Amino acid sequence: MTAIRIDGVARAFGAVAAVRGVTLDIRDGEFFTLLGPSGCGKTTLLRMVAGFCDLDSGTIHFGERRIDTVPPHKRNAGMVFQNYAIFPNLTVNGNVAYGLKARGIVPDQIDDRAAKALKLVHLDGYGARWPHQLSGGQLQRVALARCLVIEPEVILLDEPLSNLDAKLRVEMRGEIRQLQKRLGITALYVTHDQEEAMAISDRIAVMNAGSVEQIGQPVDIYQRPATPFVARFMGTTNLLSGSVIRHEGDRAVVRAGGHDFLVGAPGIAEAEPGKAIGFSLRPEALTITAPGAKPPPGWASLEARVVRIEFLGALTRIELALDSGLVLHAAAVDMPRALAEGPVALSYDPARVTAFPGPCD
Amino acid sequence: MRLIPARSGFPLAVAAVALAFLGLFLVYPLYNVFQASFFDPSGKALTLANYVKILGTPFYRAGLINSLTVGSLATLMTIAIGVPMAFCVARLPVPAKPALLALAALPLVLPSFVGAYAWVLLLGRAGLVTQGLREIGLDGISIYGKQGLVLVYTLQTFPYVLLPTLAAFKAVDVSIEEAGQNLGATRWRVFRTVILPVVLPSVLSGGLLVFMETLENFGVPFVLAEDMPILSIQAYKLFVGEMGANPASAGVLGVLLICCTTAALLLQRYYLSKRRFATGARSVPPELVVAPWLRRLGACFAWGVVLLALVPFAAVVAISFLKFRGPVMHLEPSIGNFVLLWQRGERPLVNTLMLATGAAAGATLLGVPIGYVLTRYRSRLADLLDVVAMAPFAVAGTVLGIGLVISFNSGFLILTGGWLILVLAYMIRKLPFNVRASAAILHQIDPSLEEASINLGVSPARTFFQLTVPLMAGGVIGGTILTWVTITSELSATVVLYSGQWSTMTVEMFRALEGTGAGTAAATATVLILATILPLALIYRVLKRHEVALL
Ligand SMILES: Nc1ncnc2c1ncn2[C@@H]1O[C@H](COP(=O)(O)OP(=O)(O)OP(=O)(O)O)[C@@H](O)[C@H]1O
Ligand SMILES: [Mg+2]
Chain Z
1 MTAIRIDGVA
11 RAFGAVAAVR
21 GVTLDIRDGE
31 FFTLLGPSGC
41 GKTTLLRMVA
51 GFCDLDSGTI
61 HFGERRIDTV
71 PPHKRNAGMV
81 FQNYAIFPNL
91 TVNGNVAYGL
101 KARGIVPDQI
111 DDRAAKALKL
121 VHLDGYGARW
131 PHQLSGGQLQ
141 RVALARCLVI
151 EPEVILLDEP
161 LSNLDAKLRV
171 EMRGEIRQLQ
181 KRLGITALYV
191 THDQEEAMAI
201 SDRIAVMNAG
211 SVEQIGQPVD
221 IYQRPATPFV
231 ARFMGTTNLL
241 SGSVIRHEGD
251 RAVVRAGGHD
261 FLVGAPGIAE
271 AEPGKAIGFS
281 LRPEALTITA
291 PGAKPPPGWA
301 SLEARVVRIE
311 FLGALTRIEL
321 ALDSGLVLHA
331 AAVDMPRALA
341 EGPVALSYDP
351 ARVTAFPGPC
361 D
Chain A
1 MRLIPARSGF
11 PLAVAAVALA
21 FLGLFLVYPL
31 YNVFQASFFD
41 PSGKALTLAN
51 YVKILGTPFY
61 RAGLINSLTV
71 GSLATLMTIA
81 IGVPMAFCVA
91 RLPVPAKPAL
101 LALAALPLVL
111 PSFVGAYAWV
121 LLLGRAGLVT
131 QGLREIGLDG
141 ISIYGKQGLV
151 LVYTLQTFPY
161 VLLPTLAAFK
171 AVDVSIEEAG
181 QNLGATRWRV
191 FRTVILPVVL
201 PSVLSGGLLV
211 FMETLENFGV
221 PFVLAEDMPI
231 LSIQAYKLFV
241 GEMGANPASA
251 GVLGVLLICC
261 TTAALLLQRY
271 YLSKRRFATG
281 ARSVPPELVV
291 APWLRRLGAC
301 FAWGVVLLAL
311 VPFAAVVAIS
321 FLKFRGPVMH
331 LEPSIGNFVL
341 LWQRGERPLV
351 NTLMLATGAA
361 AGATLLGVPI
371 GYVLTRYRSR
381 LADLLDVVAM
391 APFAVAGTVL
401 GIGLVISFNS
411 GFLILTGGWL
421 ILVLAYMIRK
431 LPFNVRASAA
441 ILHQIDPSLE
451 EASINLGVSP
461 ARTFFQLTVP
471 LMAGGVIGGT
481 ILTWVTITSE
491 LSATVVLYSG
501 QWSTMTVEMF
511 RALEGTGAGT
521 AAATATVLIL
531 ATILPLALIY
541 RVLKRHEVAL
551 L
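Protein chains in written order, with our numbering: chain Z, 1 to 361; chain A, 1 to 551.
It should be emphasised that the hints constitute simulated quantities derived from the structure, not laboratory data. A few of these clues could be false.
Simulated pairs of lysine to any residue, SDA-like, Cα-Cα distance not exceeding 20 Å [as the list claims (entries may be wrong)]: (1) Z:Lys-74 - A:Leu-12; (2) Z:Lys-74 - A:Ala-461; (3) Z:Lys-101 - A:Gln-466.
Covered by chain Z, per the in silico footprint, the following chain A stretches (three or more residues, Cβ under 8 Å) [said to hold, decoys possible]: (4) 438-450; (5) 456-468.
These figures come from a predicted structure and were not determined experimentally. C-beta atoms are modelled at their ideal positions from N, C-alpha and C, and glycine is treated no differently.
Given the sequences, and given the hints that come with them, work out the whole structure.
Structure representation (C-alpha cells):
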C-alpha cells in the first residue's frame with residue numbers, strides 16, 4: 001500500500017535535459033500514466049523510480065520511505081520491460097521463481113506462489129515451457145507474473161504493449177488494468193499512445209521535453225487541455241490563435257483567421273479586449289447541419305463548405321473551409337446521411353472551447 | 001559523464017582489482033623500461049644520452065628503418081590481397097565458401113615463426129623447392145631478408161584485413177547500391193563512391209593490426225632476417241646480451257617500439273573517430289553475375305591465397321616425419337625426430353600445456369568482468385580501465401618481458417625464474433583480446449535482462465555471476481580456448497622470461513633453430529601446429545554459434 005512521491009526530480013545527459021524538475025504525487029492504488037511523445041523523458045523518469053538511472057536532483061519516496069538513495073535491487077518495485085526481458089536460459093517457472101529465490105523463500109512456497117502467479121495471468125500449465133516456445137502475448141504475461149509474484153510495493157511498466165499487435169494490445173491493456181485493480185497495487189505506466197493512456201489510467205501526466213505539462217483524469221486532459229501542446233497531443237483538434245474583441249456575458253468573441261468565434265472557456269471573462277489568446281475546438285464538438293439551419297440556443301454558428309470527407313468506419317472526418325480559406329476539422333460518428341461536399345452550417349457549444357493565455361504557435 | 005560508476009560497488013570492485021593488477025604487472029614494468037631508457041645509470045638524473053647513443057649508431061637506426069619498412073610493406077600487401085579477396089568472397093560465387101572462411105582464419109592462430117621456418121624448409125638454402133629449382137637451373141631465389149619477411153607476414157596476417165573487410169562488404173545494404181544506381185551512377189562509380197568509403201574503416205583497422213603485429217613479431221625475423229637488423233630482435237639481444245645485459249639500450253629500443261605502435265594506434269583512432277558509418281544490412285548483397293572467366297579467376301585467387309598460406313604448415317608436418325641426418329633431410333619416412341624430441345624430455349610440452357591453461361583461465365577471469373564493466377557501466381573510471389586494458393595491444397612481447405624482468409628480479413616481489421612470471425606475461429598480453437571478446441558477447445545480450453534481475457531483488461554482483469555468466473558461457477569458453485591456442489605459440493615474451501626448467505615448446509623450437517636440430521625443430525613445429533588445430537576443430541561449432549571473432 002504505497003503512494004509514490006516524486007519531488008523536483010531532474011536529470012541531464014550531457015547537454016540534453018531528459019527530465020527537468022518533475023513533481024508527481026501518485027496515490028496509493030492508483031493507475032498513473034506518463035504520456036508524451038518520443039524522447040520526452042518518460043522512460044528516464046520511470047527508470048529513476050526503478051533505480052536504473054541516477055538523479056541529478058530531487059527525491060523519490062515510496063510512502064514514507066525515501067528510495068532514490070536505495071540500490072535498485074532493494075527497492076521492491078516490480079518492473080515490466082518493453083521487450084519483456086524474459087531470461088532465455090530459464091523456463092517459465094524459473095523466470096517467475098527468480099525473484100522469490102533471491103528473497104530466500106523456502107522451495108515449496110516458491111512453487112506454490114509461482115503457480116498462483118501464473119494462474120493470475122492465465123498461464124497455468126505453462127510452467128515447464130521455455131521462453132522461445134511462447135508467443136509475444138504469452139511472454140508479456142510471464143513478465144507480468146514474474147513482476148507480481150514478488151508482491152512489489154509498486155509496479156512500473158515501460159510501454160509493455162508496444163511489441164504486440166493491435167488487437168492483443170487492446171485485450172492486454174484491459175487485463176493489466178483489471179489485475180492492478182484486483183491487487184490494489186500502485187502502478188506507474190509509460191506510453192506514447194494517448195488512446196491507450198486514456199483507456200487504462202486513473203490519472204495521466206502529459207510530458208513534453210522533460211517537463212510535465214498537465215496532470216489529470218483522462219476526461220479532463222482530453223476536454224480541458226491546459227496547454228496547446230496537450231490539446232494537440234491528445235488527438236486531433238482545431239488550434240486557433242486570435243485576439244479578444246468584446247465580451248458577451250461570460251463569453252468572449254475572439255477574432256481568428258478573419259472570423260469571429262464565441263469562446264466560453266472558464267476565466268475568459270477576465271481577458272481584456274485586444275488580448276491575444278489561443279483556443280482549441282475539438283472536431284467532435286462541431287455539428288454540421290444544412291445551410292441556414294438554426295443552431296441550438298446559446299450555440300455559435302458559422303458558414304462553411306465541406307471540402308473533403310474521410311470515412312473511417314465508426315467515425316467520419318470532415319474537412320471544412322470557411323470563406324477566408326481557414327480550414328477546420330470536424331468529426332461525426334458514423335457516416336451522416338446526405339453529407340456531401342458543398343456549403344453547410346457549422347455550430348458548436350462555446351462552453352466546449354478551451355482557451356490558453358497567449359497565441360499558440 | 002560520471003567519474004565512477006554509480007549505484008553499485010560491484011563495478012567499482014572489478015575496476016579496483018583490474019587496475020591494481022594492471023598497474024603492478026603492466027604499468028609498473030613499462031614505467032621501469034622508460035626509466036631505464038631516460039635516466040643515467042645512477043637512476044637520478046634525466047638524460048637523453050641513451051637515445052642519442054642508440055640513434056647515433058647506424059646499426060640500430062637501420063633496425064628501426066627496416067622494422068618500419070617491412071611493417072609498412074606487409075601492411076600494404078595484406079590490404080592489396082585482403083580487400084579484393086574479401087570482395088570475391090562476399091560477392092562472387094566462390095566454391096566451398098564456409099570451408100574457405102574457416103581455413104582463411106587459421107594463419108592468425110598458427111605460430112608465425114613455425115610458418116617462417118616452414119618457408120625455410122621449402123625455400124631456404126637447403127630447402128626442398130630450392131633444390132628442385134636448382135636442378136632445373138634456377139638459382140638465386142631467397143626467402144631470407146626483407147622479401148621473405150614481407151611474404152611470410154603477408155600470408156600470416158592477411159586475415160586481419162580480410163575478415164573485417166568481408167564483414168563490412170556484407171554489411172552494405174543492397175538498397176544502398178540500388179539507390180546509387182537508381183540515381184544514375186554506374187556500378188563502378190557506386191563501388192568507388194559509396195561502397196569503398198564505407199568499408200575503408202574496416203580495412204584500416206585490419207591494416208593497423210597487421211602493422212602492429214609485424215613490428216613486434218620476434219620469431220619470424222629471428223628465422224628469416226639473418227644479418228638484417230630488426231628492432232624487436234635487437235632489443236632482445238641487447239637485453240640478454242652476451243657482453244652483459246644493457247637494460248638502458250634495450251629500454252630505448254623498447255620505447256621506440258611502443259612509440260611506433262602507439263602512433264599507429266592513435267592515427268587509426270583519429271581517422272575512425274571522424275568516420276563511423278552505421279550499416280547493418282537487412283538484406284545481404286547478392287552475389288554478382290559475372291563472366292565465367294572472372295568467376296574462375298576470383299575463386300582461384302581466394303583459394304590460392306588461403307592454400308599458399310597453409311601449405312607450408314602442411315609441409316612442415318610432412319617433413320617432420322622424414323629422416324634427418326644433422327640439418328640434411330632424406331626422403332625416407334621416420335618418426336626419429338619425435339623420438340629425439342621425446343628423449344629431450346616431456347617437460348616443455350607439459351609446461352606449455354600447464355602455463356597456457358593457467359594463463360588462459362586467468363585472462364578470462366580478469367577479462368570477462370572488465371568487459372562487463374566497460375559495456376554496462378560507462379564512466380570515466382571505466383574509460384581509464386578501457387585504455388589500460390587495451391594497452392598491452394601496443395606493447396611488444398619482448399618489451400613487456402624486459403619490463404617484467406627489470407621490475408621483479410629484486411625488491412619487494414621476486415618472480416624471475418619461476419612459472420608465475422610467464423603466466424602473468426601471457427595474461428597481460430592476451431587481456432585485450434579477452435576484454436574485446438567479452439564485450440562483443442555482451443553486446444548480444446540485452447541489458448534489460450540484467451536490469452530485470454536486479455529489479456527482482458538480485459544484487460548486481462550476483463546478477464553478473466548468476467545470470468550474465470551463464471548467458472555468456474558459450475562465447476566465453478570459445479574465447480578462452482582461442483586464448484589458450486595463441487598462448488601455446490607465444491615466443492616473444494617467453495624467450496625473455498623463461499628459465500631452466502620452465503622452458504616451453506616454443507623455446508625448444510627456438511633453441512633447435514639456433515642449434516642444428518632441424519629435425520627436432522620440425523617435430524616441435526608439428527606438435528605446436530597440432531596444439532593449435534585440434535582444440536579449434538573441437539570447438540569450431542561453439543565459435544561459430546557465438547560468433548567469437550579471431551580479432
Ligand atoms: N543513457 C542516455 N544517454 C544519453 N542520453 C539519453 C540516455 N537516455 C536517454 N537519453 C536522452 O534523454 C531524452 C529522454 O529519453 P527517454 O528515453 O526518457 O525518452 P522517452 O520519453 O522514453 O521516449 P520513447 O517514447 O522514444 O521511449 C532523449 O533525448 C534521449 O536521447
Ligand atoms: Mg521510452
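How does the stretch 438-450 of chain A fare against chain Z when you require at least three residues with a CB closer than 8 Å, holds or violated? holds (count 3)
Proposed proximity, A:Gln-466 with Z:Lys-101 (alpha carbon, max 20 Å): Distance ~12 Å between Z:Lys-101 and A:Gln-466 Cα, so the pair holds.
Does the alpha-carbon distance linking Z:Lys-74 and A:Ala-461 stay inside the 20 Å limit? The hint holds at about 14 Å.
Please count how many residues of the stretch 456-468 of chain A have a CB within 8 Å of a CB from chain Z and say whether that reaches 3. It holds, with 8 qualifying residues against the three required.
Are Z:Lys-74 and A:Leu-12 close enough, with their CA atoms no more than 20 Å apart? holds (19 Å)
In the structure shown, no violation is registered for any of the earlier numbered hints.
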